[in-house]
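Protein chains: 2
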Amino acid sequence: MNFEIQILGSSSALPTINRFPTAQILTANEQPYLIDCGEGTQIQMRRFNAKFGKIKHIFISHLHGDHYFGLFGLLSTYNLLGRTEPVNIFADKELENILMSENSPIKYEELSYKLNFFHLPDDTQIIFENKTLTVTAFPLKHRIKTRGFLFKEKKRQVNVIKEKISEYNLSIQQILDLKAGKEIEISGKKFLNTDLTNPAPPQRSFAFCSDTAFNEDIIETIKNVNLLYHEATFSKSDVSNAEKTFHSTAEDAAIMAKKSNAKKLVIGHFSTRYNNPTILLNEAKEIFQNTFLANDGEIFKIEF
Amino acid sequence: MNFEIQILGSSSALPTINRFPTAQILTANEQPYLIDCGEGTQIQMRRFNAKFGKIKHIFISHLHGDHYFGLFGLLSTYNLLGRTEPVNIFADKELENILMSENSPIKYEELSYKLNFFHLPDDTQIIFENKTLTVTAFPLKHRIKTRGFLFKEKKRQVNVIKEKISEYNLSIQQILDLKAGKEIEISGKKFLNTDLTNPAPPQRSFAFCSDTAFNEDIIETIKNVNLLYHEATFSKSDVSNAEKTFHSTAEDAAIMAKKSNAKKLVIGHFSTRYNNPTILLNEAKEIFQNTFLANDGEIFKIEF
Numbered sequence: 021m022n023f024e025i026q027i028l029g030s031s032s033a034l035p036t037i038n039r040f041p042t043a044q045i046l047t048a049n050e051q052p053y054l055i056d057c058g059e060g061t062q063i064q065m066r067r068f069n070a071k072f073g074k075i076k077h078i079f080i081s082h083l084h085g086d087h088y089f090g091l092f093g094l095l096s097t098y099n100l101l102g103r104t105e106p107v108n109i110f111a112d113k114e115l116e117n118i119l120m121s122e123n124s125p126i127k128y129e130e131l132s133y134k135l136n137f138f139h140l141p142d143d144t145q146i147i148f149e150n151k152t153l154t155v156t157a158f159p160l161k162h163r164i165k166t167r168g169f170l171f172k173e174k175k176r177q178v179n180v181i182k183e184k185i186s187e188y189n190l191s192i193q194q195i196l197d198l199k200a201g202k203e204i205e206i207s208g209k210k211f212l213n214t215d216l217t218n219p220a221p222p223q224r225s226f227a228f229c230s231d232t233a234f235n236e237d238i239i240e241t242i243k244n245v246n247l248l249y250h251e252a253t254f255s256k257s258d259v260s261n262a263e264k265t266f267h268s269t270a271e272d273a274a275i276m277a278k279k280s281n282a283k284k285l286v287i288g289h290f291s292t293r294y295n296n297p298t299i300l301l302n303e304a305k306e307i308f309q310n311t312f313l314a315n316d317g318e319i320f321k322i323e324f
Numbered sequence: 021m022n023f024e025i026q027i028l029g030s031s032s033a034l035p036t037i038n039r040f041p042t043a044q045i046l047t048a049n050e051q052p053y054l055i056d057c058g059e060g061t062q063i064q065m066r067r068f069n070a071k072f073g074k075i076k077h078i079f080i081s082h083l084h085g086d087h088y089f090g091l092f093g094l095l096s097t098y099n100l101l102g103r104t105e106p107v108n109i110f111a112d113k114e115l116e117n118i119l120m121s122e123n124s125p126i127k128y129e130e131l132s133y134k135l136n137f138f139h140l141p142d143d144t145q146i147i148f149e150n151k152t153l154t155v156t157a158f159p160l161k162h163r164i165k166t167r168g169f170l171f172k173e174k175k176r177q178v179n180v181i182k183e184k185i186s187e188y189n190l191s192i193q194q195i196l197d198l199k200a201g202k203e204i205e206i207s208g209k210k211f212l213n214t215d216l217t218n219p220a221p222p223q224r225s226f227a228f229c230s231d232t233a234f235n236e237d238i239i240e241t242i243k244n245v246n247l248l249y250h251e252a253t254f255s256k257s258d259v260s261n262a263e264k265t266f267h268s269t270a271e272d273a274a275i276m277a278k279k280s281n282a283k284k285l286v287i288g289h290f291s292t293r294y295n296n297p298t299i300l301l302n303e304a305k306e307i308f309q310n311t312f313l314a315n316d317g318e319i320f321k322i323e324f
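In order, the protein sequence lines correspond to chains C and U. Residue numbers are given in the working numbering: position 15 of the first sequence equals residue 35, and the series is strictly consecutive. Residue numbers are given in the working numbering: position 85 of the second sequence equals residue 105, and the series is strictly consecutive.
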């Protein structure tokens, strides 16, 4: 089952030719979930062959333009393409006001599909779940209300060993019982569940933290995450800018990865003042070796 | 004095990797004027090294998203860069409602500069003029209120011939009189103005017509234009689509160029159904030979 993110935009507020504003797609079990939607997201989706027609759920961290101005074009394009499936938007309630107001750039009554809004809570809460995963929103520290998102695979069932199915000619009911963790009897002989199954793969997780100042309050929530995406707008030499604007340095991001015991760190949301964000990568690696730079189009597979 | 347009977006409503939605910059006498502002316009400006900080005046043809959704990002970027010079927006009054509403994506009270709105009239009128040019707005035929724009250089003064200045040791007052078209006396001898001057260069003009169905009503307005940009969304084989959506075929655009005695035609706003718009170019050239395809980044110098 695939579980991966694709970077669509890795710049901070000012876009560049090579780095669009923030947007990412998390794909889990073939279903893409859009996280933030900066200007030009629909163009990046085409450029990088993302399955943008399959997106049903959009998660918006906060309402600075570089994280949602691409929604207007994307939602319009869905309409032009005659979409009928609803779009579910998880965002601050202010976004519903913007999109549904009388003077909205999107004329709701002309849309070929329904827009459903789910307002993000102030505290840490599961805001979405389906068979594949849960999504938890949690507060970040920024100039306006901002939430991070934790995507976590659900606990999966044990795998019945194929060879055992044929060896004991297991019935469908027996297979279902085994998958549910039960023990079964075959011709009067009791088997342990573990005799006939392999353990379920561990649950993978991905945390998205942007935009935010350094914030240890979220460590419990993202503890042991497989992949942490954390903004790293500034170098340590610009720490006063980071503090002033409620952003993080590359070191901040790395300390967060270390303290939350993340397996891997991807940093992004780079200020355009750095022509080459390798300086940020090096600063982060000093503290957390398994760090990577977000680059537009790049896919990070989330490993077990 | 330069007088040229640069294409920033040449696609119709659905953008592609190589063709962003509609936006163009007309530059006259070093001053850039933005015409339409589809999603990603600020990114295209960076890509093609347009002087986007120098833009003072923005002309929006109509309020379909592919012609103005880039305004949100552009106006935000001006704010982030600390712009203080006002931005003048010429558009349907509905755009002021969108941008200035309580639920606008742009928080006006946070902007570092002033936004001035000039509502486009329903009939054909000069809507802007300065020392360099006049801009005339005129109604096009589309599904919603849409205006074309005619940019016309002002009549310039005659040029005093340099050699004559030294030959007759002309005073500043004499030079000013000559530039104003007067005749002068030198040592009691009368000179014709044309004895000492070269005629002023002719006035160049550029007309922007997008989006629109075929519309002969505008021919008088754009008569003898040096460069006509006319939308050509469809091929003649899709004429029923053109009629249904109030767009033009490439042939329509070419007939407009011919009937208005344009010197040159640039077509754009291509439907994404044509992988290669050369088919549209060929259809137009059958009727109007001096036709060119708009391509993102391309500059068309407007000749005398």
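Since the hints were made in silico from the structure, they are not lab data. Don't take every hint at face value.
Identical copies go unnamed one by one, so any copy, or any two together, can satisfy a pair.
[Said to hold, decoys possible] In silico DSS-like links for lysine-lysine, alpha-carbon gap of 27 angstroms or less:
#1 Lys161 with Lys127
#2 Lys264 with Lys134
#3 Lys151 with Lys202
#4 Lys113 with Lys127
#5 Lys175 with Lys210
The structure displayed is predicted, hence computed values, not measured ones.
Verification of the hints:
In this homomeric assembly, Lys161 and Lys127 come within 27 angstroms of each other (Cα to Cα) only across copies, at 21 angstroms, whereas the closest approach inside a single copy is 33 angstroms. For the identical chains of this complex, Lys264 and Lys134 are inter-copy neighbours only, at 25 angstroms across copies versus 40 angstroms inside a copy, given an alpha-carbon limit of 27 angstroms. For a Cα distance limit of 27 angstroms, the shortest separation of Lys151 from Lys202 inside one copy, 21 angstroms, qualifies, whereas the shortest one across copies, 86 angstroms, does not. Within a single copy, Lys113 and Lys127 get their C-alpha atoms as close as 18 angstroms, and across copies as close as 16 angstroms, so both meet the 27 angstroms cut-off.
Proximity of Lys175 to Lys210 under the C-alpha cut-off of 27 angstroms is restricted to the intra-copy arrangement: shortest distance 26 angstroms within a copy versus 101 angstroms between copies.
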